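A.B. asks: Here is what each chain is made of, one letter per residue.
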Amino acid sequence: MSVIRCLHSLMQNRKISPQELTEHFLKMVLEENPRLNACITIADKTSRKQAEEAAKRFEKGSDTQFTGLPVLLKDNLCVQGLPATCASRMLADFVPVYDAAVWEQLHANGAVLLGKTNMDEFAMGSSSETSFFGPVRNPRNEALSPGGSSGGSAAAVAGGLAVCALGSDTGGSVRQPAALCGITGLKPTYGAVSRWGLIAYASSLDQIGPIALCAEDAAFLLDGISTKDPRDDTSRGLAPTASLLREPVTGKRAAIVREMMEGVSLPVQKAIEDTVRRLHSLGISVTEVSVPALRYTASAYYIIACAEASSNLARYDGLRYGHRSKNPAASFHEFVCRNRQEGFGEEVRRRIVMGTYVLSAGHHEQYYQKARRIQALLRRELLAALEQADILLSPVCPVPDIPAGKTLADPVSVYQTDLCTVAANLSGLPALSTPSAIWENGHPVGIQLMARPFADGDLLQTAYWLESTGTRPPYPKSIQVLMDGKEEF
Amino acid sequence: MEYELVCGLETHIELSTKTKVFCGCSTAFGGEPNTHCCPVCLGLPGSLPKLNRQAVEYTILAGLALGCEISPISHMDRKNYCYPDLPKAYQISQYDTPLCHDGEVKLSNGRVIRIERIHLEEDAGKLIHESGRTLVDYNRCGVPLIEIVTKPDFRSVEEAREYLELMQLTMRYLGISDCKMQEGSLRSDVNISLRPKGSEQLGIRTEIKNMNSFTFMERAIAYEIRRQAAILDAGQCVQQETLRFLPEENRTEPMRSKEDAQDYRFFPEPDLCAVMVPAGEIERLRAKLPELPQAKQNRYQQQFGLSEEEARLLTRYRKIAEYFEAVISHIQTPKNAANCILGQIFRRLKTEDDKERAEIPVSPDALAELIGLLESKKLRIDLLKKTLETMLDTGKGCMELLSQEDLAGISPEQLESLCRQAIDENPKAVQDFRSGKEKALKALLGAVMRQCRGRADAAETEKFLRKML
Chain B
1 MSVIRCLHSL MQNRKISPQE LTEHFLKMVL EENPRLNACI TIADKTSRKQ AEEAAKRFEK
61 GSDTQFTGLP VLLKDNLCVQ GLPATCASRM LADFVPVYDA AVWEQLHANG AVLLGKTNMD
121 EFAMGSSSET SFFGPVRNPR NEALSPGGSS GGSAAAVAGG LAVCALGSDT GGSVRQPAAL
181 CGITGLKPTY GAVSRWGLIA YASSLDQIGP IALCAEDAAF LLDGISTKDP RDDTSRGLAP
241 TASLLREPVT GKRAAIVREM MEGVSLPVQK AIEDTVRRLH SLGISVTEVS VPALRYTASA
301 YYIIACAEAS SNLARYDGLR YGHRSKNPAA SFHEFVCRNR QEGFGEEVRR RIVMGTYVLS
361 AGHHEQYYQK ARRIQALLRR ELLAALEQAD ILLSPVCPVP DIPAGKTLAD PVSVYQTDLC
421 TVAANLSGLP ALSTPSAIWE NGHPVGIQLM ARPFADGDLL QTAYWLESTG TRPPYPKSIQ
481 VLMDGKEEF
Chain G
1001 MEYELVCGLE THIELSTKTK VFCGCSTAFG GEPNTHCCPV CLGLPGSLPK LNRQAVEYTI
1061 LAGLALGCEI SPISHMDRKN YCYPDLPKAY QISQYDTPLC HDGEVKLSNG RVIRIERIHL
1121 EEDAGKLIHE SGRTLVDYNR CGVPLIEIVT KPDFRSVEEA REYLELMQLT MRYLGISDCK
1181 MQEGSLRSDV NISLRPKGSE QLGIRTEIKN MNSFTFMERA IAYEIRRQAA ILDAGQCVQQ
1241 ETLRFLPEEN RTEPMRSKED AQDYRFFPEP DLCAVMVPAG EIERLRAKLP ELPQAKQNRY
1301 QQQFGLSEEE ARLLTRYRKI AEYFEAVISH IQTPKNAANC ILGQIFRRLK TEDDKERAEI
1361 PVSPDALAEL IGLLESKKLR IDLLKKTLET MLDTGKGCME LLSQEDLAGI SPEQLESLCR
1421 QAIDENPKAV QDFRSGKEKA LKALLGAVMR QCRGRADAAE TEKFLRKML
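Sequence lines, in order, name chains B and G.
Using the working numbering, the letters of the first sequence map in sequence onto residues 1 to 489.
Using the working numbering, the letters of the second sequence map in sequence onto residues 1001 to 1469.
Derived pair list, reagent style DSSO-like, types lysine-lysine, alpha-carbon separation capped at 30 Å:
| # | chain 1 | residue 1 | chain 2 | residue 2 |
| --- | --- | --- | --- | --- |
| 1 | G | K1126 | B | K326 |
| 2 | G | K1126 | G | K1180 |
| 3 | G | K1050 | B | K370 |
| 4 | G | K1428 | G | K1467 |
| 5 | B | K228 | G | K1018 |
| 6 | G | K1050 | B | K228 |
| 7 | B | K15 | B | K56 |
| 8 | G | K1439 | G | K1463 |
To be clear, the hints were calculated from the coordinates, so they are not data collected in a lab.
Treat the numbers as computed from the prediction; the structure is a model and nothing was measured.
Start from the sequences, fold in the hints, and give me the full structure.
C.D. replies: Written out as structure tokens, the structure is:
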């Protein structure tokens, strides 16, 4: 079932070369990107070079799981020598001189970087439509948004442009697009993965996570990027997860989070009910828990995320790098204002203003401090719920779809759809989005699993067993042709 | 009306760690602009700070030296403001949990200055204004700073100056900062208000920013006292504002008023974990504290019978005090060592820097050996001085420079003949003495000493001369 294992075995047995594999996916990217707009940068030159190096490693026998594996990175992850735009005009020309820790690790293992994926500007959004480089399309249904903010990564993987990709998740930005594109996405426990080289949105909530075609691929990718990095004070690393997946799950306890079921649409309701039946069939009990603090969670999330964003994005003044207005300025103040006014899109400006406001004298206590208290309360309640259950089950998003082109009109109602996902970021818990067996508008409806801190492996294991009951959708054609008849993986 | 000064200081001190507080760049002063920089101190997207533990230790040492309590758990905060010398647009500092708090220092007049807090933060870069344009140098960006905040306890200009000098001295003793005001590694903001003498209420204060010279600070406070007193005397209110001091014009001028005060929007730095200081670490650092200048000065006065001035001068520079202590560990008369150091040696250490470095060509052992000769009466004091000068010039040891004859002393026969010679050659002095002028004896004594190059014992010689006359 694992695409990563299958392709590695094919390369090891010389059934396909890393160069052939890379060309296969580059061709997909070049053909499909005009339709999907999933990639901002296509790194065909460097990926061919990396494929050659990968081939040498196979010859020498120094290959790893990732050698020759074509991957994509969200465009807020730094790769030396390639633009890292964050889908913003502000950083359209910014080329970092360092690699993100996650890419360092994958690169060291011989992975092939096909390019950098489109996203909501500075990861702010749930539809991948706030990008300076235009919206991303959902490969399963072009009338739908692929979700966001890691919509480019999710669309690319679901569309067969790459085997897997990395996204970043500050409030659901890996899980929600994975759900809307019908694939697997994991937000690891805060601290499992180093944030070095991830261009920050909200530092205390940001976490890099895998987007993959199945739970096992996600586990491989997670194991490949999790580390305790001396450069990231908040990183802790994580014990390997992939080896756990096939362990039996019988006897585990799951619980539905009551507050996350309020007001969900019928297809989502059905997806949860179907998942409960499948969990039962796997020998997992399902009860219900209540997490009252969830009522305030979306507000608390937006206050904390915007507060940190207002500070993190204040450095983009156009002085040392970044967008510089062509209009002359009379003062430093005016210079900065012009560069920022032109460099940032509407949603980013909105969140900077909001974040500045909630931190300002006189409002700090009313908003920021209160949000922090809600955050602490939520974490306590979720940890208490996870005393009664090993896995918390919920929707990813209360609706199965977000129509393309609808989100910017009414930001607050869009913010509300993030309720189910932001809880994991606020509390640091790992959370995973996996396809259910219920389909709507041409794609499976995603469901979310949450677990205790650093129990990321439990989530992937449960998702793996759910897949074994037949929930996993067929792989994209470009993958199927490679794996033809090799389902045993 | 008669007013009382109410003044507090916020002193910024650059720590002399090898590397910056959140990255591995050098903290060396100077250097080609923008050469001590990296993605972290330039705040490039995707970079993350990592706290330099040495800077934390230095801050704790400062806190312990000033009698502070040390916070077992504190955290860093972001202080947000936009300025071209601050590439992240926030300074990583400490807001509500300073590493050290509630300490005090005692001034020589017995008054106690309470220390409110000491926190750790990063320095900003430097703007260079030249020929109509402004350039930015980020070398200083991220150099660790501590800010020491006092309560408004100063009542005179002299107290403020003494405190600041004491801070400089203490930090240098601790070895945590060179505190060079001209290089900006020690600078102070001064908060000043006046109140009618006898009143307990606090007046409206002004803040003078960035005083980087003792003299300027004294002049600025003196000016501000006059300015505020004139306003109050006229029945008006002092405006709460931030001022800068213009040394050429000897006056202050407003930088910004309370209305456009900055809103720094502090919040906890999410990129850094809490700073934990286990009790064991505090005790380990406490044990490392050197004897501090004030204590040392008192001990020198009491233990060695030095004058206040001698003790103050010897303890003013840590290396000098160490040198002194190394010398006296081998001799019986500390006073002689003090005289040598404050005399011949000090004369050669011309600048503050020289004294701070205390590169003395004569080792403590060599000076002790020389003084030992004096103690064992093998050498007279003026020959000692002369020998010491030669030792300082050549770096040679005293035994190399002094001849057998120099060290042989004078036999009673030789002394008698020398006295005879002096009497014969100075009839005028002899006559004066005989006619009752006591002073004339000194001239004869001098003549003897000249002849024997100071090897004779003065008391002994005088006795001889009297007998013979």
